[in-house]
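*Asks:* One letter stands for each residue in the lines below.
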Amino acid sequence: MSFSSFFSHYDYWVMLFLAMAGLYVVIARGNLIKKLVGLATLQTSVYLLYLVPGKLVGGTAPIVHTAFTLYSNPLPHVLILTAIVVGVATLALGLALAVRIREEYGTIEEDEILHIELGPAKNESPK
Amino acid sequence: MIGSETLILASLSLPIVGAGAIALCGRLPNLREAATLITAALLLSCVAPLLPMVLAGERPALMLFEMLPGLPIAFTVEPLGMLFALVASGLWIVNSLYSIGYMRGNNEEKQTRFYVCFALAIAAAIGIAFAGNVFTLFVFYELLTLVTYPLVTHHGTDKAKAGGRTYLGILIGTSVVFLLPALVFTWYVAGTTDFTPGGILGGKLSDVALAGLLFLYMFGIGKAALMPFHRWLPAAMVAPTPVSALLHAVAVVKAGVFSVVKVIVYVFGADTLVAQGGADWLTAIAGFTIIAASIVALRADNLKRRLAYSTIGQLSYVILAAALLTPLSLAAAALHIAAHAVGKITLFFAAGAIYTAAHKTNVSELDGIGRRMPWTMGAFAIGALSMIGLPPAAGFVSKWYLLSGAMGAGEWAVVAVLLASTLLNAGYFVPIVYRAFFRPPSAEDEHHPHGEAPLLMVVALTTTAAATLALFFFPGVPLALAQQMLGG
Amino acid sequence: MSFAEHLPVLQVVVPLVSAPLAVLFRDRLAAFLLVLAGSWAAFAISILLWLQVRESGIISYAIGSWPAPWGIEYRVDALSSLVLMLVSGVGAVVLPYCRSSIVREIRPDTHYLFYAMFALCLTGLLGITITGDAFNLFVFLEISSLSSYVLIALGKDRRALVASYQYLIMGTIGATFIVIGVGLLYVKTGTLNLADMGVRLQDMTSHRPVLAALAFLTVGISLKLALFPLHQWLPNAYAYAPSAVSAFLAATATKVSVYALLRFYFSVFGETAIFKQLPMEDLMLVLALAGMFVASTVAIFQNNLKRLFAYSSVAQIGYIALGISFDSVTGLTATIVHLVNHAVTKGSLFLLLGAVMASMGGVTLARVQGVGRVMPVTTFGIVLCGLSLIGVPGTAGFVSKWYLILAALEKGQWWLVFLIVLSSLLAVVYVWRFVEAAYFRAPRADLLQAREASLGLAIPAWILVGATIWFGVDTSVTVGSAAAAANMLLGVTP
Chain H
1 MSFSSFFSHY
11 DYWVMLFLAM
21 AGLYVVIARG
31 NLIKKLVGLA
41 TLQTSVYLLY
51 LVPGKLVGGT
61 APIVHTAFTL
71 YSNPLPHVLI
81 LTAIVVGVAT
91 LALGLALAVR
101 IREEYGTIEE
111 DEILHIELGP
121 AKNESPK
Chain B
1 MIGSETLILA
11 SLSLPIVGAG
21 AIALCGRLPN
31 LREAATLITA
41 ALLLSCVAPL
51 LPMVLAGERP
61 ALMLFEMLPG
71 LPIAFTVEPL
81 GMLFALVASG
91 LWIVNSLYSI
101 GYMRGNNEEK
111 QTRFYVCFAL
121 AIAAAIGIAF
131 AGNVFTLFVF
141 YELLTLVTYP
151 LVTHHGTDKA
161 KAGGRTYLGI
171 LIGTSVVFLL
181 PALVFTWYVA
191 GTTDFTPGGI
201 LGGKLSDVAL
211 AGLLFLYMFG
221 IGKAALMPFH
231 RWLPAAMVAP
241 TPVSALLHAV
251 AVVKAGVFSV
261 VKVIVYVFGA
271 DTLVAQGGAD
281 WLTAIAGFTI
291 IAASIVALRA
301 DNLKRRLAYS
311 TIGQLSYVIL
321 AAALLTPLSL
331 AAAALHIAAH
341 AVGKITLFFA
351 AGAIYTAAHK
361 TNVSELDGIG
371 RRMPWTMGAF
381 AIGALSMIGL
391 PPAAGFVSKW
401 YLLSGAMGAG
411 EWAVVAVLLA
421 STLLNAGYFV
431 PIVYRAFFRP
441 PSAEDEHHPH
451 GEAPLLMVVA
461 LTTTAAATLA
471 LFFFPGVPLA
481 LAQQMLGG
Chain A
1 MSFAEHLPVL
11 QVVVPLVSAP
21 LAVLFRDRLA
31 AFLLVLAGSW
41 AAFAISILLW
51 LQVRESGIIS
61 YAIGSWPAPW
71 GIEYRVDALS
81 SLVLMLVSGV
91 GAVVLPYCRS
101 SIVREIRPDT
111 HYLFYAMFAL
121 CLTGLLGITI
131 TGDAFNLFVF
141 LEISSLSSYV
151 LIALGKDRRA
161 LVASYQYLIM
171 GTIGATFIVI
181 GVGLLYVKTG
191 TLNLADMGVR
201 LQDMTSHRPV
211 LAALAFLTVG
221 ISLKLALFPL
231 HQWLPNAYAY
241 APSAVSAFLA
251 ATATKVSVYA
261 LLRFYFSVFG
271 ETAIFKQLPM
281 EDLMLVLALA
291 GMFVASTVAI
301 FQNNLKRLFA
311 YSSVAQIGYI
321 ALGISFDSVT
331 GLTATIVHLV
341 NHAVTKGSLF
351 LLLGAVMASM
361 GGVTLARVQG
371 VGRVMPVTTF
381 GIVLCGLSLI
391 GVPGTAGFVS
401 KWYLILAALE
411 KGQWWLVFLI
421 VLSSLLAVVY
431 VWRFVEAAYF
441 RAPRADLLQA
451 REASLGLAIP
461 AWILVGATIW
471 FGVDTSVTVG
481 SAAAAANMLL
491 GVTP
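Chains as they are written, first to last, in the working numbering: chain H, 1 to 127; chain B, 1 to 488; chain A, 1 to 494.
Since the hints were derived computationally from the structure, they do not count as laboratory data. These numbers come from a predicted model, not from an experiment. Think of the CB as a built atom: it goes at the ideal place given N, C-alpha and C, for glycine as much as any other residue. There could be a bad hint or two in this list.
Computed Cβ-Cβ distance ranges for the label pairs, DEER-style [what the hints assert, rightly or not]:
(1) A:Ser56 with H:Met20: 42 to 52 Å
(2) B:Phe65 with A:Glu55: 23 to 33 Å
(3) B:Pro228 with A:Trp470: 31 to 41 Å
(4) H:Ala28 with B:Gly191: 51 to 61 Å
Sample of chain A residues with no beta-carbon within 10 Å of chain B, all distances over it, derived [claimed, not checked]:
(5) Phe3
(6) Leu29
(7) Ala366
Excised from the complex, chain H in its bound form (with noise of 0.2 Å):
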C-alpha cells in the first residue's frame, strides 16, 4: 500500500480507529456506563463508513436544478438518520437498565455485581 493511498483513505483509518476505540472500552472497563460509552462511539464510527462514500467532492445536495450538475448521494444520510434514531434507543434503554441495576445492586461496577451475585469465593471465576 502506498504512502498516498494510505492518506487518501484516511477517512477510512478515523472510522477504524473510533470502532476499535469503541469495541475495546466495551471490553476493557467494567463499568457500565463507561460500556455504555464504549458501544456508543462504536455505533458512531458505523455513520461514518455510510457518510464518507456518501460525500461526491463538489457536490451538492440533491435537489434537480439547471446549475447542477454533480449531486452527492441522499440515501446514506437517510439510512443513518434511521441509524442514529436506534443508537439513541439503544444507549437510552442501557442507561435505564443501568439505573435499574444501580437500584438493585447498589452498583454499576461489573465487578462488584459479580462479587455480590456468586460471592467473594468465586470472584475471579469468568462469568
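Given the coordinates of chain H, assemble chains B and A onto it according to the supplied hints.
*Replies:* Below, chains B and A without anything else, positioned relative to chain H:
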C-alpha cells in the same frame, strides 16, 4: 371374514386401546385386571387368524402413512414376524395371569402404571414383529425401550435407578450410535428399507462396506445382548419378576434376536452374505458370547442373575444360527426364538414363584424346596431341560437343527462351541434341580413353612411348562413358518 | 389492488400497530386483547402467504409502490414463508400463555407495556424475515432486539437486569457488525436490495471489502444466533427472563437470526464464488461441532433447568450450523427442518417449565424433585420434549437428526455421522438428570400441596407439545417446505 389389513391394524391398536382402558380403571383393581386379560385374549384372537394366511403363502400388508418422504410406516406379516407375534401375544395372556398373582401376592405399588406400560410394550413388540421395513422396525424398537424403562425401574429405589441407567444407556446408546447410522446408510445405498426376500443390498456394496454395515446392525441391535453390550440384561433384573419374564421371553430380547434374523435374511440376504463373506466374525463373537455367558452363569448365586446370563448365551444361539447362513441353521434360529421363549418364561415364573412363596432369591438357599413347591420346581426342571437342549423339551428341536446346520456347513468349531455350552448349561441348571429335590431343607427353613405360590402363578408356570413340552412333540407350526421364511 | 395483494405488508403492520394502541389504552385487558388480535391476525396472514407461495411461487411486494431495487421490497419465498409461519405461530400460542403467566412475574400496572413490547418484538422478527432489503433488515433486527432486552429485564429475579444488560451489549455489537457488513456491501454494489446485491457481487468475488463484509456479517449474525463461542449472553437471558419470554425468544429469536444468516450466505454471497475464497464451511463445521459437544457437556452440569435447557439450545444451534456447513440440499433441509423442529420443541419445553415454576416456585433440580408425582401431566410433557431433543423416533427431533446423518453420509463423512449420534447421547444424559429427579425422588415436604398448572398455562404449552409430536409423525409440512426452501437457496430445481 375380516380383512387382513383390519387384523393387522387391530393387533397394533388393541394393546394401546387396552392400555387406555387399564389407565381408566386404575382405581378398580379387578376391573383393571379384567381389562388386561380381555385385551390379551382379543389380541391373540386377532393375531391367530393371520397364521393360516401366512402358511398359505400370503403376505398380508398394511401401509399406514409416510413419515418421511419414501419412508412409510408399513407392516407386512411374513413367517418370522408371524412366529414372533404369536409368541408375544400368546405369552402375554399367561404372563398377565402370572403378573396378577405376583403383583397382588407381593403388594407391589403403582400397579396401574405397570399394566399400562406392559400393554404398551406388547404393542411395540407387535409393531416390531409386523414391521414391513427397517424404518418401522427402528421406530417400534425405540418405543419398546422407552416403555419398558418404567417397568425396569418399577421399584423406584436407588438400585432400580442404577439398573435403569444401564438399561437405557446401553439400549439407547447402541441403537442411536450404531443402528440409526446403519438404517440411514441402508436407505442411502438401497433407496429403500423394505424387508425383501433375498435382501436389498445385493451387489450394492463392497465387501468391506457390507461387513461394516453388518457390524453396525449387529451391535446396534443391543436388545440381542451380543457381548460386550450385554450388561443391560443383568442390570434389568432389579425389576419385578413378571417384567423379567417380559424382557427375557415375551418382548425385549426376542425383539432383539428377531431383528437380527430379520435383518440378515431380508436386508442382507443370506446369499449375498455368503457370496461376500461378511458374517464370519459374527459367528466368532456369538460363539464367544455363548461360552462366556455360560461361565458367568455358572458362578452366579442369585437365581435371576443366573437366568439372565443363561439368556445372554441362548440369544447368541440364535445369532450364531443366523450367522451360519445355511437353510437349516436359519430355520433353527426361528425355532429357537419360540423354544427359548416358552422355556425361559417358565424358569422366570418359577423364580418369581419361589420369591413370592419363600422370599428366596439365591440358588444356595433352595435346598429341598422341591418338596414344598413340587409344581413350580417340576416346571423349572422342564424349562431347564429345554435350556440344556435335551428331549423331551422344545430346546432340543432347535438345537438339533442348529447342530445339523453347523455340521452340514463343516463348521466344526461351531459344533465344539455348542457341545461345550450344552455341558456348561447342564452345569448350572442341574445343581438347582438337584438341590430342590434331593437335598434336605435346611434347619432354618423347617420353622418357616410355606407351600406353593398363589394359584394364578402356578397355573401360569404349569401352562408354559406344558407348552415347552408341546413344542417338542408338535413343532409343526414353527417349523412350517421357518420353511416359509426360507422358501421366500 | 385487492386485499390479498397487500398481505405481505400487513404481515408486519398489523402487529406493529397493535403495539402503540396497547400503550394508548393503558389497560391490561384491552392491551392483551389488542395484541392477541394482532398476533392471531399475523398468524392467519402468514398461513395465507405460505399457501400463496406454494401455489404460485415468490411474492414480491413494493413498499409504497416504489419498485425494487430503489424502493424497499418485501419478498416472500419458500424459506421466508415457513419462518414467518413459525414465528407468528409461536407468537399466537405464547400470547394467551402470557396472560396467565405474567400475573405472577410482572407488576400488574406494567402489563400493558409488556404486551406492547411483545407486539414490537413480534413485529421485528416478522420484519427481518419478510424484508428483501439489507438495511431494513437491520432496522427490524434492532426493533426486535431492543424490545427483547426490555422483555428479559422484566424478569422477577434481579439477575434478569444484568442478563438483559449483557445481552444488550453483545446484541448491539452484533448488530453494529451487521451494519458494517451491509455498509461495505452497499459501498461495493450501490444497492441495498438483497437479490440485486447477489447479482452485482458476481463480478467482484475477490475484492477485499466484500470478504470483509462476509466476515463482519458472519460474526454479527453469529452473535445474534448464539453460535458457539458467541453464546455467552444466551443462558442467563433465557434463565432469568419471564417464562413466557424465555419460551418465545427460545423458539423464535435465534431461529430468525439463522434465517438472516441463510439469506446472506445463499441469496447474497451464494450467487458468487466468494465461498471459495474463505474456508467458511470448515469454520462452520468446527464451531458447530464445538457447540454441540461443549454446550451439551455444560448443560449436563447445570442445576437450574432453564439454564440447562438454554445450554441445550446452544448445542442444538450447533446442529443447525452443521447443516449449513454441508452446503448441500440435504444439509440445508436438515438446517431448516431443525430450525422449525427445535423452535417448537424448545418453545413447548420453556412453556412447561414456566408452568412448573408457577406451581413449584422455581426450576432448580433440587426444587422440582418429585415433580412427576405432583404434576404428572406437565412432567410427562417435559419428558416428551426431552425425547425430541434426544431425537427419539416419533418426535420432531428425530426428523432433523435423520437429515443431518443423511447429509453427512452423502459427503461420505462417517466420522461426522458418529459425532452427530454421540452428541445426542449427551442429550440423553441431561434429559435423564431431569427424569431421575422428577420420578425417583420424593417431592419436598413444603411442595406436596403443589398442583397441576392452570389451563391457561397448560393449553398453550400442550399445543406446542402436540406440534412437537405431530412434526415427528407427519413431516409433509416441515420437510416439504424445508426441501423446497433448500432447493431454492441453492438454485436447484428438484
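*Asks:* Give a verdict on every hint.
*Replies:* Structure-based check of each hint:
1. A:Ser56 with H:Met20: 42 to 52 Å: Given a distance of about 49 Å, which is inside 42 to 52 Å, the answer is holds.
2. B:Phe65 with A:Glu55: 23 to 33 Å: Hint holds: Cβ distance 24 Å, inside 23 to 33 Å.
3. B:Pro228 with A:Trp470: 31 to 41 Å: At 39 Å between Cβs, range holds.
4. H:Ala28 with B:Gly191: 51 to 61 Å: Hint holds: Cβ distance 58 Å, inside 51 to 61 Å.
5. Phe3: 35 Å, holds
6. Leu29: Non-interface label on A:Leu29 holds, nearest chain B Cβ at 39 Å vs cutoff 10 Å.
7. Ala366: At about 17 Å from chain B, A:Ala366 clears the 10 Å cut-off, so the statement holds.
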